[in-house]
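Let chain F serve as the given structure and place chains G and B on it in line with the hints.
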Amino acid sequence: MKFSLGKYLLPTYVFLTFLFLGIPIAYTFVFSFNDSIKSNIIWRGFTFDNWLNVCNQQDVCDAFANSLIIAVSATLIATVLGTMIAIALVRYKFKFRSATNLLLFLPLATPEVVMGAGLAAQFLDFGWPKGMLTVIIAHTMFTLSFVVVTVKARVATLDPALEEAGRDLYANPAQVFMKITFPLLLPGILAAAMLAFALSFDDFIITQFNSGSIDTFPKFVYTAAARGIPPEANVIGSMVFIVAIAIVVTVQVRSSIKQRKLAKK
Amino acid sequence: MSIDFGAGGKDLELVGLRKEFPGFVAVENLDLKVPAGQFFALLGPSGCGKTTTLRMIAGLENPTSGKILIGGKDVIDLKPHERPVNTVFQNYALFPHMSVIENVAFGLRQRKVDDPMVKAQAALDMVELGHMAERRPAQLSGGQQQRVALARALVNRPALLLLDEPLGALDLKLRRQMQIELKYIQMEVGLTFLHVTHDQEEAMDMADIVAVMNKGQIEQMGAPEKLYDRPKTAFVAKFLGQSNIFVGEVSETNSEAVSINFKGNKITAPVARSEKTTGKIAIGVRPEKTQFHATKPEATSTNNVLGPGEITDIRFTGVSNQYLIDIPEIGEIIVFAQNVGKSPVVELGAQVWVSWQVEHSFGLADLPTGKEDA
Amino acid sequence: MAFVALGGSTAAKKQAPKKAGRVALLLLLPGIAYLGLFFLTPLFSLILTSLKTPSASGDIGRYDYAVEFGNYLFAVEQYMPQILRSFMFALIATVVALAISYPLAYFIAVKARNKPLLKGLLLTLVIAPFFISMLLRTFAWKQIFSNDSWIVNTLKSFGIFGTDSYIIGTDFAVIFGLVYNFIPFMTLPIFSNLDRLDLRLLEASGDLYANPITTFRKITFPLSLPGVISGTLLTFIPISGDYVVASRDFLGGPDTAMIGNVVEANFLRIQDYPTASALSVLLMAAIVILVSAYVRRSGTDDLL
Numbered sequence: 001m002k003f004s005l006g007k008y009l010l011p012t013y014v015f016l017t018f019l020f021l022g023i024p025i026a027y028t029f030v031f032s033f034n035d036s037i038k039s040n041i042i043w044r045g046f047t048f049d050n051w052l053n054v055c056n057q058q059d060v061c062d063a064f065a066n067s068l069i070i071a072v073s074a075t076l077i078a079t080v081l082g083t084m085i086a087i088a089l090v091r092y093k094f095k096f097r098s099a100t101n102l103l104l105f106l107p108l109a110t111p112e113v114v115m116g117a118g119l120a121a122q123f124l125d126f127g128w129p130k131g132m133l134t135v136i137i138a139h140t141m142f143t144l145s146f147v148v149v150t151v152k153a154r155v156a157t158l159d160p161a162l163e164e165a166g167r168d169l170y171a172n173p174a175q176v177f178m179k180i181t182f183p184l185l186l187p188g189i190l191a192a193a194m195l196a197f198a199l200s201f202d203d204f205i206i207t208q209f210n211s212g213s214i215d216t217f218p219k220f221v222y223t224a225a226a227r228g229i230p231p232e233a234n235v236i237g238s239m240v241f242i243v244a245i246a247i248v249v250t251v252q253v254r255s256s257i258k259q260r261k262l263a264k265k
Numbered sequence: 001m002s003i004d005f006g007a008g009g010k011d012l013e014l015v016g017l018r019k020e021f022p023g024f025v026a027v028e029n030l031d032l033k034v035p036a037g038q039f040f041a042l043l044g045p046s047g048c049g050k051t052t053t054l055r056m057i058a059g060l061e062n063p064t065s066g067k068i069l070i071g072g073k074d075v076i077d078l079k080p081h082e083r084p085v086n087t088v089f090q091n092y093a094l095f096p097h098m099s100v101i102e103n104v105a106f107g108l109r110q111r112k113v114d115d116p117m118v119k120a121q122a123a124l125d126m127v128e129l130g131h132m133a134e135r136r137p138a139q140l141s142g143g144q145q146q147r148v149a150l151a152r153a154l155v156n157r158p159a160l161l162l163l164d165e166p167l168g169a170l171d172l173k174l175r176r177q178m179q180i181e182l183k184y185i186q187m188e189v190g191l192t193f194l195h196v197t198h199d200q201e202e203a204m205d206m207a208d209i210v211a212v213m214n215k216g217q218i219e220q221m222g223a224p225e226k227l228y229d230r231p232k233t234a235f236v237a238k239f240l241g242q243s244n245i246f247v248g249e250v251s252e253t254n255s256e257a258v259s260i261n262f263k264g265n266k267i268t269a270p271v272a273r274s275e276k277t278t279g280k281i282a283i284g285v286r287p288e289k290t291q292f293h294a295t296k297p298e299a300t301s302t303n304n305v306l307g308p309g310e311i312t313d314i315r316f317t318g319v320s321n322q323y324l325i326d327i328p329e330i331g332e333i334i335v336f337a338q339n340v341g342k343s344p345v346v347e348l349g350a351q352v353w354v355s356w357q358v359e360h361s362f363g364l365a366d367l368p369t370g371k372e373d374a
Numbered sequence: 001m002a003f004v005a006l007g008g009s010t011a012a013k014k015q016a017p018k019k020a021g022r023v024a025l026l027l028l029l030p031g032i033a034y035l036g037l038f039f040l041t042p043l044f045s046l047i048l049t050s051l052k053t054p055s056a057s058g059d060i061g062r063y064d065y066a067v068e069f070g071n072y073l074f075a076v077e078q079y080m081p082q083i084l085r086s087f088m089f090a091l092i093a094t095v096v097a098l099a100i101s102y103p104l105a106y107f108i109a110v111k112a113r114n115k116p117l118l119k120g121l122l123l124t125l126v127i128a129p130f131f132i133s134m135l136l137r138t139f140a141w142k143q144i145f146s147n148d149s150w151i152v153n154t155l156k157s158f159g160i161f162g163t164d165s166y167i168i169g170t171d172f173a174v175i176f177g178l179v180y181n182f183i184p185f186m187t188l189p190i191f192s193n194l195d196r197l198d199l200r201l202l203e204a205s206g207d208l209y210a211n212p213i214t215t216f217r218k219i220t221f222p223l224s225l226p227g228v229i230s231g232t233l234l235t236f237i238p239i240s241g242d243y244v245v246a247s248r249d250f251l252g253g254p255d256t257a258m259i260g261n262v263v264e265a266n267f268l269r270i271q272d273y274p275t276a277s278a279l280s281v282l283l284m285a286a287i288v289i290l291v292s293a294y295v296r297r298s299g300t301d302d303l304l
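Just so you know, the protein sequences line up as chains F, G and B, in that order.
To convert, note that position 242 of the first sequence is 242 in my numbering; the numbers rise steadily by one, no gaps.
To convert, note that position 231 of the second sequence is 231 in my numbering; the numbers rise steadily by one, no gaps.
To convert, note that position 184 of the third sequence is 184 in my numbering; the numbers rise steadily by one, no gaps.
Fair warning: there could be bad hints in the mix.
Claimed, not checked - Partial chain B-side listing against chain F, Cβ under 10 Å, derived: (1) Gly31; (2) Leu104; (3) Pro129; (4) Thr138; (5) Val152; (6) Lys156; (7) Phe172; (8) Tyr180; (9) Leu234; (10) Leu279.
What the hints assert, rightly or not - From the structure, some residues in chain B lie toward chain G, with a derived Cβ separation under 7 Å: (11) Gly206; (12) Tyr209; (13) Pro222.
Hints listed in this document are in silico derivations from the structure and should not be mistaken for laboratory results.
As the structure is a computational prediction, the values presented were derived from the model and not from experiment.
C-beta atoms are modelled at their ideal positions from N, C-alpha and C, and glycine is treated no differently.
One chain only, chain F, in its complex shape (with noise of 0.2 Å):
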């Protein structure tokens, strides 16, 4: 193996740039434990206060819960829809292929103030009072694409012969899509619905647009940043980053397991 752009330079670059991807992450999280009294920008001092009374800052709390809202409705609506459209494109021909897979593509393509003050026209023209229902409609609609994609490449590698196999063992078509189709697209959705709910749980822009007087956890960041963020939201920050983590490191270590039982076999 001898294609290497020096044998430590790479690696050096490499270590560097996970630093510097860090280093406002571990920011974050430090703060979370400083004793501030009002703003939270000069270190006062250790703390554990911040994480046992988060609520404290009830606004934090009202958000959050609010982004916890959103995201979980959201999330639910646009795997369902995402994944039926998935299906389609893959297994079934029909005219207008291209013309589905252009209207799917175009919300990737679109800055997210585009959609956010287009549909906040469309409210306005609607007469529609902007809050919860409105946000969760614009989260569904951004989060669907992504939904589509990710769903979409796991139906691809299905084998059809699969689900003909289940056919000619006696199976209806209700039962080979129970038995086997959503068994065995079930991670590829179950991964399309967590990058579904980080997105709606992150986003801030098309949120901002949308939601009138309704606060979300990024909106209340936002509005806090002029007079600076209390150290509670960085505890809520840092509570979502570590749990997040877990998740992605449990998944992991679960697969590389499962890989090398196979392996050994």
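Here is chains G and B on its own, set in the frame of chain F:
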């Protein structure tokens, strides 16, 4: 043919070449000399170290110790792109984003050879793909891709051409056809070819010299017909074609012949065709050198006779029939009979004797372990 | 990755879709209708709104339907610097992010290919920033680069910075923040492309007398172009519409406003919907033109 291959190939010499991977030794102190202009085949089962050997010669793998000499010069410190060696890769490794002719011209361009496109076109004409120069590799069939890969390597006039199972991905018929073409091209260009394969028929068909490799070492090396006629080890006897092998203590020996006692039967081989003449030895014979008889043939000093046994399996392979004969106390013997209508017509279950000429026996240097077929 | 995956309809062809008809329609209809209603028609609403005139009643934030192309003229005249700055920043940040991300993606996909544990760890590290709010990360940089910060003070004490120099609010700070935020968006598509790179092609190139640099230039990089293209699009498009990093409350200042900041201010603060909408339409049009020209020039038609 319009390519000038100049001085042709150079000779290759491996001296004490060794490669260790964590946990196992892939190649063990290999010594090998390939004369210039020869078609040399390295034959062995998967995992025997033949591909590792090839990759070390190409410079894609660093040997743990040993020397690699091409035309008398040690190339061990040269990077792959500095070695006068080209490879036809197993899966061709054609660059998918370049046209066929760009692929072929690639090496010429790297070395700043004059008129790369003209030479590349000539190389493509040689493999009869001149009309496909502008296509992408993905638009070609497997056999055509194989020929492009060959042209891409040959056009550089390497001192040594390495072929890493280049026909492995082709179907049987195409494979046979390409074998003939490859051999023809090699004779035409006069380059040194080192061909790695696990297909014994392919190796014997094409090569001037075959080296049979097993567990990181070369078991036997020589002209194909010699190797086939007189295998020296049980592995070679089993890997290169099929063999019936009998193991027993030496019972009689003189200047001409050595005999063993095989479960009460005397089996004789010429001393000149035996590696060992004392102790417990193995004597073998090729299935096509044996005959079976409906009545017991007379045992003489010039033939070996076993039987009677029962025919338990008959396979018709076209040109010959393969019979499996089970002799009680002795075991199974394979007999090939040419399908020319001369053999006795027998049915499953028939009782027969097996015989062969002593001069066709060969004595091995080792005893079969029973794992040769694995 | 998203761009390539959606475009790659070759898989669909290979799988030989079986039957047309009602099942496909039933599967497609809800999602497509949803996108039609909440993605497509809003774009039309945006165009309609961009042509409205202030309401005759004179109330702030009320507009009547009209065909007032003057709104576009006004928007362009008023906000030309911000429009240009947006694309300038997006271009620079995309190029820098590409330069940083490519070696990273190469290392994970090629060097760590046979080390599943290392590869898993590195990939987790690449996506780790996604798991903490983008706004919190950007704000962290603001603190790190703030006027009293250790970095600024150090630069001053070494004489590199004058006493009244600062980082926050400069073009540099904004581009820095944009690059940081979009490195994972650039790295992942390039990684997923390089992950499928057949290393035997690199061996073949070396075998044909190309040195490692030539091999990279002629084989590795051209083959990774689809990944580079989707990475640059996934970076350039969101950056051109971003307004968080350039906001004065984050890394920006009075002179760093991008088109997104102007849209936000017009739409949400002063309720000048027609101007905000006109700017959005212009942004969208510019992106469509730029992207299709870029994709065509790069010769990768399988994006769509």
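Against the structure, the hints:
no. : hint   : result
1   : Gly31  : holds, 4 Å
2   : Leu104 : holds, 5 Å
3   : Pro129 : holds, 6 Å
4   : Thr138 : holds, 8 Å
5   : Val152 : violated, 14 Å
6   : Lys156 : violated, 18 Å
7   : Phe172 : violated, 15 Å
8   : Tyr180 : holds, 7 Å
9   : Leu234 : holds, 8 Å
10  : Leu279 : holds, 9 Å
11  : Gly206 : holds, 4 Å
12  : Tyr209 : holds, 4 Å
13  : Pro222 : holds, 5 Å
Hints 5, 6 and 7, counting from the list given before, are not met by this structure.
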